[in-house]
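Visitor: Residue numbers (the numbering used here), protein chains in the order written: chain C, 1 to 543; chain G, 1001 to 1250.
Take the hints with a grain of salt, since some may be wrong.
Stated by the list, open to error - Pairs of lysine-lysine, DSS-like flavour, derived with a Cα cap of 30 Å: (1) C:K78 - C:K369; (2) C:K237 - C:K225; (3) C:K77 - G:K1219; (4) C:K237 - C:K172; (5) C:K77 - C:K369; (6) C:K95 - C:K296; (7) C:K288 - C:K245; (8) G:K1150 - C:K296; (9) G:K1150 - C:K285; (10) C:K95 - G:K1219; (11) C:K91 - G:K1089; (12) C:K78 - G:K1219; (13) C:K296 - G:K1194; (14) C:K172 - C:K78; (15) C:K91 - C:K237; (16) G:K1219 - C:K473; (17) C:K296 - C:K245; (18) C:K95 - C:K484; (19) C:K370 - C:K78; (20) C:K245 - C:K473; (21) C:K370 - C:K172; (22) C:K484 - C:K245; (23) C:K78 - C:K95; (24) C:K288 - C:K473.
Claimed, not checked - Some chain C residues close to chain G (C-beta under 10 Å, calculated; not the full set): (25) A71; (26) S298; (27) S299; (28) L329; (29) G474.
Note that these hints are calculated values from the structure, not bench results. We put the beta carbon where it would ideally sit given N, CA and C, even for glycine.
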Amino acid sequence: MTIREQGTGYRVQGKRRFPFPIYCLLLALLALTLTGCHGSRGRGGFEAPEAFDTSRQFEISFWAKNDTNKAQTNIYKKAISDFEALYPNIKVTLKLYTDYGRIYNDVITNISTDTTPNVCITYPDHIATYLTGSNVVVPLDGLMDDGRYGLGGSELRFDGPAKSELIPQFLKECAISGSTYALPYMRSTEALYINKTYVEAMGYELPDAVTWDFIWEVSEAAARKDADGVYAVNGQKVMIPFIYKSTDNMMIQMLRQLDAGYSTDAGEILLLNDTTRQLLFEIAKHAKSGAFSTFKISSYPANFLNAGQCVFAVDSTAGATWMGSDAPLLDISADSVVRFETAVRPVPQFDPAHPQMISQGPSVCVFNKKDPQEVLAAWLFAQYLLTNDVQIAYSQTEGYVPVTGKAQGDAAYQAYLNSDAGDALHYPVKLQAARLLLENTGNTFTTPVFNGSASLRDAAGALIESVCKAERKGTTVDDAYIEKLYARTMAQYHLDQIGAPAAGADARADLGPLPAGSVALLAALACVWAALGLMALRRRRMK
Amino acid sequence: MKKLVAVALMLVLALSAFAVAEEAQVTSYEDFVAAEVGQLVTVETYVQANQSWWQDTITLYTQSPEGAYFLYSMPCSEEDAAKLVPGTKIRVTGRKAEWSGEVEISFDEDDREVGESVFEILEAEPFIAEPEDVTGLLGTEELAAMMNRKVAFRGMTVEPSTIEGDDTQYAFLYNWDGSGQEGANNDLYFNVSKDGTTYTFTVESYLTGEGSDVYEAVKALNVGDVVDLEGFLYWYNGANPHITAVTAAE
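Just need the whole structure built from these sequences, with the hints factored in.
Guide: Next up, the structure:
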């Protein structure tokens, strides 16, 4: 290997395998401690002012995430500039992050010091944790419906979408315990990026809907090598036929497709079940043969795919610009790239007649502040992010789709989507990825959100990582191993301590009647205090 | 009674022998290089720098007089992390791993009991590696043999970096494509050349973030400056040095 020369790009190497599961869990536990004293640092609930005060200056902070993508940074900056031109009394300060974990970490830290941002790109799983503080995140239902400043409101200085123009499914994903705590900002799903050239060279015909059976069969075929370790399919000594970027998504989608347990809406943990066990046996088998690996074990799927060292790569549609021989963004040297035809399909399915795939992507929440006018200013900016200019521009940076029907139906967006220009902006793999989600929006799902759901998600992925690592080092993955793995996962991710009570205001509002024992104890304490009081009074009188 | 004492003594002797045998299994650097990826190894090495500690895992650049080891995400309490200052000798057990070309030691939950430590601090004179000048190895296959070591590059010329769609020539970028910004503690990327070939180096913000001497020194670079650089020879699809010091070339 020689040093990388100028011209190729990195993504976030060095931050590659950020130990997100562990710190995420611990932060969730930290948040649980906040729950214990909620109210002590909490503020009152937000009440919308009658009118926005344009005579005052407001400075609001916006914490955003970009995919180390300069175009996205520029779009945020332009959105802020355009918004400030419309609202000269609002100044927006942008703080950029390159991963959600860091945002989450900083928000949690800032909740305890009452210095949260005003507006923040985030995931509903994370909001569920933020909600363990008191009135930390503003519920948006009232604001959305406000005739003057709500979605499509009469007093807005921009042409934002009406509530009815938000894709209902995406908006619904932002509801926690019956209240809406975020606006969807962008949506993506996962896609299966395929080296079609290799699939056909091995004598297979690529179906429109790829099944798990198909992907395992072809992957096993591609894993065959000669006595010198050279793989037949690519003539190289490196080949990982199937690489999955996000193993938590992999497990979640497999379970969903099989209608097997993951969690209930209320947060009951169902992950460690027999279906999961069977899936882990299957996955381990293919890890053992070398047909399957993961991002955490091997690296970015795109790097292997583009080098002709992978046949099937599952990654987000928001990673489409890195996929394929002509990918606009490359993480390997140009001379390592192999020419092949890239096909894009939905993630593998158990029942292709009823495809199911995860919906993911950033949402935006508004944090509560002492000054309702400041919150209103933040809400106006959050809404501005849903305007067509922002939605269309940002969605074009990757395989994202806009979250409003207004933007999706816009002529400019349709022209982009249907373009055959083939340049970087209209990179065909990216357009296919976006179309994949648009055509399958009705087949997407999200997992229940509750305090600890982020931890459960991490546990789901960790199961797959564990069996793959075990097979790679010669440990047999059998029932005994799985039992031990389940016990360890339960303890490590505190799965027995999360769930049940839903996050948010509802959870705090209705804790049910006190148990009889508690009532008796409190009554006894009251009697003791009363007796002590009487004794004190009596002594005073005696003096 | 005597029999019981004798049995107990036998057990103690057997356990001692087992412990000695365990200690004897320390892998030399040569054997580490020869080991297969995935093999369990125990090495003795000296901490050179702490890249990051994240809720009970630490990532360390370590080096012994024989060679260097990158310890990725090693289980470690915050209290113990504070003890792992540069120069500290440790014995560590993990698995040889490779990720995008970076040969390192990683740690599996399966390899230990819950709560069992993967490393111990050893009593020894501190050892801080001197940076080895590898300027002459740039662009050669031999550079990989220096992976993870403290290295130096002498007389490098700062070359312009550009952002797509922007003709401005920058001396460095926040993030690889300029997508970061000041105040966000992004990695810094800058180009330097030697003998007509340009290379991209990195200031790893977890290792030396905003406010550190090297971070500020790189921000002060100008295109055309001739500098000496020191850092750790990290690898990501090729050499990707994490620079820790920048000075004007002597």
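Visitor: Are the hints correct? Go through all of them and say.
Guide: Checked hints:
1. C:K78 - C:K369: holds, 26 Å
2. C:K237 - C:K225: Given that 30 Å is the threshold and the Cα spacing comes to 8 Å, the pair holds.
3. C:K77 - G:K1219: holds, 22 Å
4. C:K237 - C:K172: Roughly 47 Å separates the two Cα atoms, so the pair is violated.
5. C:K77 - C:K369: holds, 24 Å
6. C:K95 - C:K296: Status holds; Cα separation ~28 Å.
7. C:K288 - C:K245: Judged against 30 Å, a Cα distance of about 18 Å means the pair holds.
8. G:K1150 - C:K296: holds, 26 Å
9. G:K1150 - C:K285: violated, 40 Å
10. C:K95 - G:K1219: holds, 19 Å
11. C:K91 - G:K1089: It is violated: about 52 Å lies between the C-alpha atoms, which goes past 30 Å.
12. C:K78 - G:K1219: Within the cut-off at roughly 25 Å; holds.
13. C:K296 - G:K1194: violated, 34 Å
14. C:K172 - C:K78: holds, 28 Å
15. C:K91 - C:K237: Since the Cα atoms of C:K91 and C:K237 sit roughly 56 Å apart, the hinted pair is violated (cutoff 30 Å).
16. G:K1219 - C:K473: This hinted pair is violated, its Cα atoms lying about 44 Å apart.
17. C:K296 - C:K245: holds, 8 Å
18. C:K95 - C:K484: With a Cα-Cα distance of about 43 Å, the restraint between C:K95 and C:K484 is violated, given a limit of 30 Å.
19. C:K370 - C:K78: holds, 29 Å
20. C:K245 - C:K473: holds, 21 Å
21. C:K370 - C:K172: Holds. C:K370 to C:K172 sits at ~28 Å (cutoff 30 Å).
22. C:K484 - C:K245: holds, 25 Å
23. C:K78 - C:K95: Holds, because 14 Å separates the two Cα atoms, which is no more than 30 Å.
24. C:K288 - C:K473: Holds - the C-alpha atoms of C:K473 and C:K288 are around 9 Å apart, at most 30 Å.
25. A71: Since the shortest Cβ distance to chain G is 8 Å, the answer is holds.
26. S298: Holds: closest Cβ of chain G sits about 7 Å from C:S298, inside 10 Å.
27. S299: holds, 4 Å
28. L329: Given a least distance of 8 Å, the restraint on C:L329 holds.
29. G474: Hint holds; C:G474 Cβ to chain G Cβ min 8 Å, cut 10 Å.
Checked against the numbered hints above, the structure breaks hints 4, 9, 11, 13, 15, 16 and 18 and satisfies the rest.
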